[in-house]
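The lines below spell out each chain.
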Amino acid sequence: MNAPPVRRPFAGRLDFEHGQVELSHGSGGRAMAQLVEELFAAAFRNPWLDQRNDQACLDLPPGRIALTTDSYVVSPLFFPGGDIGSLAVHGTVNDLAMAGARPLHLSAGFILEAGFPLADLKRIVESMAGAARAAGVSIVTGDTKVVERGKGDGVFINTTGIGVIPEGVQLSGDRARPGDCILLSGTLGDHGVAVMSQRAGLEFETNLESDSAALHELVAVMIAAAPGLRCLRDPTRGGLAATLNELAAQSGVGMHLREAAIPVRPEVAAACELLGLDPLYVANEGKLIAVCPPEDVERVLAALRAHPLGAAAALIGTVREDPHYFVTMETVFGGNRLVDWLSGEQLPRIC
Amino acid sequence: MKYIDEFRDGATARGLARRIVQEARPDRRYHLMEFCGGHTHAIYRHGIPNLLPASVRMIHGPGCPVCVLPIGRLDQALDLATRPEVILCSYGDMLRVPGSGGRSLLKAKAAGADIRMIYSATDALTLAQRHPDREVVFFAIGFETTTPPTALIIQQAAQLDLPNFTVFCNHVLTPPAIVHLLAAPEARELEAVPIDGFLGPAHVSVVIGSEPYERFAHDYQRPVVIAGFEPLDVMQSILMLVCQLNEGRAEVENQYTRAVTHEGNRKAQRLMADVFEPRPVFEWRGLGPIPHSALQIRERYARFDAERRFPMTERTATEPRACLCGAILRGVKKPTDCKLFDTACTPETPLGACMVSSEGACAAYYRYGRYQEVA
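Respectively, the protein sequence lines represent chains E and G. Numbering-wise (my numbering), the first sequence opens with residue 1 and increments by one. Numbering-wise (my numbering), the second sequence opens with residue 1 and increments by one.
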């Protein structure tokens, strides 16, 4: 993208079966123009991209504008239920959706490692295009860089998203109040465990798929059902624990969960048990946490459960006053514990 | 897939909690040490302290292999890892532990050392086979649980005649550490005996059996109940210890009968005996030197011993002066008694042994129990 208009065909078409990314694909010359033309522009096709300008000029509907950016470095690149391409669309769309915004446009920046198979790149780009189409967003501008072999991990993708927040919608992480209810839209840990099951050195067999999905339509029905909704956030890296600690600190409140109410698939619980991980800290890519006033909880829950992406939604806890902003939990076992921030990376325990 | 929920049933837990309250006399003290970090973790993760009456107090022992590894040994591993020909591999827990000068394996890896996190000992052997041009060193740590797998890969390396594989052995033994705790100066002083009974290790006992605990249960008159790692196992074992103390018994009882036998796993024991022999003495972080408390590789497998293949310099490191880990590991102090706890010493910046791994007493308390102190 950002390449000059192409006036004449290239000597031969790119070999998407056996070809590889080469340094020249990022150097601004004819090779780059060809990659943009035959891969990115073809897959992402839309009026803004077709203009072949260095920027997209957008007419946006009225309302506040939400802007977000995220970089994707997942390993492995392909996992059950998705790949880095679909993830790069869903993650950014969801960050917009958590403000109640209608996601409209994305940019896409690719950092490719020389030697990366063009077939895999095509698969990723097509998956990204499919995810964008399904979510109703257009990828309107982009960039490609190629780094030497050994200086990247195949593909890194950055997406920036822009969306518009309809009049009257006020969602923010600092709005949780004591007495509010905390809801979770579905099972925890599916994405993290699905990705880990494919990781080198840790392969284990599972039918589990990543939950990677765009959540803005789910958010729209929730807002329609309960305009008093206070905050939404998607529990990605750091999982539910990190996200709730963020919200508690932002709002200056404590939170208390009931472990028995938190939905976790048996296969996720089993994998976490084997690896010494805690599902509360495992990443999700298609789940959201909602905080709402108690009088709205039934309406929000009903709206969530009526949508396929919220079918397993549950009321998992309440907001309360706490000068230390602690997130605590009544365990299934009947005791209480702190649900702290993750320290460092979650690493498997020895015994 | 089941086998998890059954051992975490809330109603059963409350029933056991009621029975502990009924059995435990309010006028006497039940200071029970769970030796294993696995138990410490389970106790806090499931909120067990809230379910116990005031007279029953759990004391968190030194059974976390990452925590008790002295900084000097970690520094030696870091020295190995920075040799250009070496691929150093170890378990995930070990990577974050700070050595001298704030170094850690994770930081060394970020700085370019070839350090790999592995999930089982056999991964180390596979690495050596895949990289014949490199020296693969397995940084082996752990109690009797992780020792048989290390023994097995050393035997396999011998069968394969692998020239590029060695083990930096830091395996330690449970029974000498428990005896050391009971014989420590604090324990000998009158009215200062901090430990009334032991929750015996789960996985360690699968290997060594319940028999090795019998002598010290008798000699020191302390009951031992070998307990599984599930929270219901822990609750039931606490009840069994309370009953023994009430009845004036000091026996070894086995709650974890679904996995532990009297004689243990003979095959694993033979494997260990073939490859390893006791070291005359080994330094434990927080506890100091303990005789015959660790293993070294026998002469016949010397070529797989990293300490013999590579020049190793003895490294000594000093612990922060205010750190109370030694006293905490011996059950004399609680994490919150330490001035460094939650001030200078946190899981992000651990200064003492008990904070470095989630199984350490201070880290488990920090992560799961801290809210109680300020509430």
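Mixed in with the good hints, there may be bad ones.
Mimicking DSS-like on lysine-lysine, the simulated pairs with C-alpha atoms at most 25 Å apart in a straight line are [what the hints assert, rightly or not]:
hint: 1; chain 1: E; residue 1: 151; chain 2: G; residue 2: 107
hint: 2; chain 1: G; residue 1: 339; chain 2: E; residue 2: 151
hint: 3; chain 1: E; residue 1: 151; chain 2: E; residue 2: 122
hint: 4; chain 1: E; residue 1: 122; chain 2: E; residue 2: 145
Everything labelled a hint here was simulated from the structure, so no lab data went into it.
Status of the hints after comparison with the structure:
Restraint check: the Cα-Cα separation between residue 151 of chain E and residue 107 of chain G comes to about 19 Å, which is no more than 25 Å; the hinted pair holds. Straight-line distance between C-alpha atoms of residue 339 of chain G and residue 151 of chain E comes to about 45 Å, which puts the hinted pair past the 25 Å bound. For the suggested pair residue 151 of chain E and residue 122 of chain E, the alpha carbons sit about 21 Å apart, so the restraint of at most 25 Å is met. For a cut-off of 25 Å, the pair hint linking residue 122 of chain E to residue 145 of chain E stands: about 16 Å separates their Cα positions.
Of the numbered hints given earlier, the model fails hint 2 alone.
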